[in-house]
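Enquirer: Take these sequences, add in the hints, and give me the full structure.
Residue numbers (our numbering), protein chains in the order written: chain P, 24 to 431; chain H, 146 to 299.
In case anyone wonders, no lab produced these hints; they're calculated from the structure.
Any given hint might turn out to be false.
To be verified - DSBU-like cross-link-like pairs, simulated, lysine-lysine; straight-line CA separation at most 30 Å: (1) H:K228 with H:K164; (2) H:K194 with H:K277; (3) H:K226 with H:K194; (4) P:K425 with H:K277; (5) H:K164 with P:K425; (6) H:K277 with P:K45.
What the hints assert, rightly or not - Footprint (simulated), chain H over chain P, 3 or more residues, beta carbon under 8 Å: (7) 372-382; (8) 392-406; (9) 422-430.
Here the structure is a predicted model, which is why all the values come from computation and not from measurement.
Where is the CB? At the ideal position from N, CA and C, for every residue including glycine.
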Amino acid sequence: MSLDLSRIRADFPILSQQIRGKDLVFLDSGASAQKPRVVIDAMIRCMEQRYANVHRGAYWLSEAATEDYEAARGAVAGFLNASDPREVIFTKNSTEAINLVAHSWGRGVLRPGQAVLISELEHHANIIPWQMLRDAHGIELRVARATDAGELDIEDVAAKLADGKAGLVAITHMSNVLGTVTPAERLVAMAHAAGARILFDGSQAAVHRRVDMQALGADFYAFTGHKLYGPTGIGVLWARLEHQERMPPFLGGGDMISSVTFERSEWAPPPAKFEAGTPAIVEAVGLHAAIDYVSALGMAAIETHERDLVDHAMRRLTDIEGLSLLGRAQDRGGVFAFTLDNAHAHDLATLLDRAGIAVRAGRHCAEPLHTRFGVEGGTVRASFGLYTTQGEIDFLAEALVKAREFFA
Amino acid sequence: MFDDLRDLYQEVILDHGRKPRNFRRLDDPDRTARGDNPMCGDRIELFLKLGADGGIADVAFQGRGCAISTASASLLTELVKGKTAAQAHALADGFRQLAMTGTCPACEAALADDMERLQPLSGVHEFPSRVKCATLAWHTLNAALDGSKETSSE
Numbered sequence: 024m025s026l027d028l029s030r031i032r033a034d035f036p037i038l039s040q041q042i043r044g045k046d047l048v049f050l051d052s053g054a055s056a057q058k059p060r061v062v063i064d065a066m067i068r069c070m071e072q073r074y075a076n077v078h079r080g081a082y083w084l085s086e087a088a089t090e091d092y093e094a095a096r097g098a099v100a101g102f103l104n105a106s107d108p109r110e111v112i113f114t115k116n117s118t119e120a121i122n123l124v125a126h127s128w129g130r131g132v133l134r135p136g137q138a139v140l141i142s143e144l145e146h147h148a149n150i151i152p153w154q155m156l157r158d159a160h161g162i163e164l165r166v167a168r169a170t171d172a173g174e175l176d177i178e179d180v181a182a183k184l185a186d187g188k189a190g191l192v193a194i195t196h197m198s199n200v201l202g203t204v205t206p207a208e209r210l211v212a213m214a215h216a217a218g219a220r221i222l223f224d225g226s227q228a229a230v231h232r233r234v235d236m237q238a239l240g241a242d243f244y245a246f247t248g249h250k251l252y253g254p255t256g257i258g259v260l261w262a263r264l265e266h267q268e269r270m271p272p273f274l275g276g277g278d279m280i281s282s283v284t285f286e287r288s289e290w291a292p293p294p295a296k297f298e299a300g301t302p303a304i305v306e307a308v309g310l311h312a313a314i315d316y317v318s319a320l321g322m323a324a325i326e327t328h329e330r331d332l333v334d335h336a337m338r339r340l341t342d343i344e345g346l347s348l349l350g351r352a353q354d355r356g357g358v359f360a361f362t363l364d365n366a367h368a369h370d371l372a373t374l375l376d377r378a379g380i381a382v383r384a385g386r387h388c389a390e391p392l393h394t395r396f397g398v399e400g401g402t403v404r405a406s407f408g409l410y411t412t413q414g415e416i417d418f419l420a421e422a423l424v425k426a427r428e429f430f431a
Numbered sequence: 146m147f148d149d150l151r152d153l154y155q156e157v158i159l160d161h162g163r164k165p166r167n168f169r170r171l172d173d174p175d176r177t178a179r180g181d182n183p184m185c186g187d188r189i190e191l192f193l194k195l196g197a198d199g200g201i202a203d204v205a206f207q208g209r210g211c212a213i214s215t216a217s218a219s220l221l222t223e224l225v226k227g228k229t230a231a232q233a234h235a236l237a238d239g240f241r242q243l244a245m246t247g248t249c250p251a252c253e254a255a256l257a258d259d260m261e262r263l264q265p266l267s268g269v270h271e272f273p274s275r276v277k278c279a280t281l282a283w284h285t286l287n288a289a290l291d292g293s294k295e296t297s298s299e
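Expert: Here it is in structure tokens:
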């Protein structure tokens, strides 16, 4: 089943907007995606009709809000094909989800001297928490190489797991710069065979293809709501219950305890143990609506549409004289980072903005990856969403040709 | 498609961006400072040679950046050579005002000629995300004159 793009685009109010008199061509969905009307409406309805604090009021409104909040957890569990909704911990975003694992599981379960294996493909969100853990807890941080094509170097992963010291592999499921999709099932098998647990940063991947926790068999999976057409302020850590049981709390406060005295407190069972304080209730409801929205379209249909976009963009962008694309991975999603000779990324982004095209310029929170590919000065990144059309990619390509003439 | 951007990217900016002046290291500089825009990856290193009177006898820069940050650094090197530290600070203040607002009504008459040469960069004030590109070299100049080693226009 293919997507009805004109209907889909009508679902996103912001896309009908003009910027400086030009139709908006939004190619920065990899940073944050736009929101469909159903998400906006669900959040308004929550605040207008069913809002109160959750898990604590013995009155109808609080029960309604609790029901909606927990229904959102159920929706996330369904979206991920988790075997139990309690495997879903709500966080602020992917960054907080990864920090939760690093801080709680990392300090509680990993022993000093063990290693965490990340890769050159990582976003800073999957680098810094492990550096902090290394410095605070004495673990070793290992970095698996990326190949020149921008794929994960599997032989290097194997080599860095060979001594059995790695306690955790923490790897992106899809690069936010190169679009590379990593071989997740294979990595799970390799990590487990080496006695390590495995976490995926699914911030990009969960948006672009179906992820199935029961089929994948990973230990932790992080993603964020705002890239999945949901609101900001809500993210997800999926974590196996057996791991949650062994993890000390991350933040302390209300809602995460079962009893409190000044001498000692007892923790609530997972996942409440990791959700201290009033959670992002309205945002959870918004994420639920976003999941319903993409599920109704079908993740398979979204993936097919994005594959067509990727093929089209590959043809159009590689045709442009002077354009260098970062990464040529076989398995990739709709994220393209590139440089254009004669034009610095920031100058290019300013020009494209004048044509109504929103792209990102810089290093996209992946400085080591840019250093690895010799583009310390940054790249321009165009990233697609389910509402992106081939016509928009054509327009980008035409604008890039003209931009190159402008700076010639 | 981009005609209205000729105000921002005037020929003098494109020219200095492509062929920056004084783009080299100084042997044995008296002062150096590095400027960084960590968000975008722009980086500049500025070298000053001071004369016996404490004025700027020579100035040069190295680094990488967009057309605007490179042109701004290039123009800087042409304008501050021969100035005293106080004059250079005053010009840096005037330029920051120009980049942020498009004009510098408070600038003294003594700066008028220099400000006129910097006028092509005034267009950045309409691009809030680009103001820091234009001001990076000038922040770095202040840091070098004050004896700091690192600065950022973030």
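Enquirer: Check the structure against each numbered hint from earlier and tell me which ones fail, lowest number first.
Expert: none
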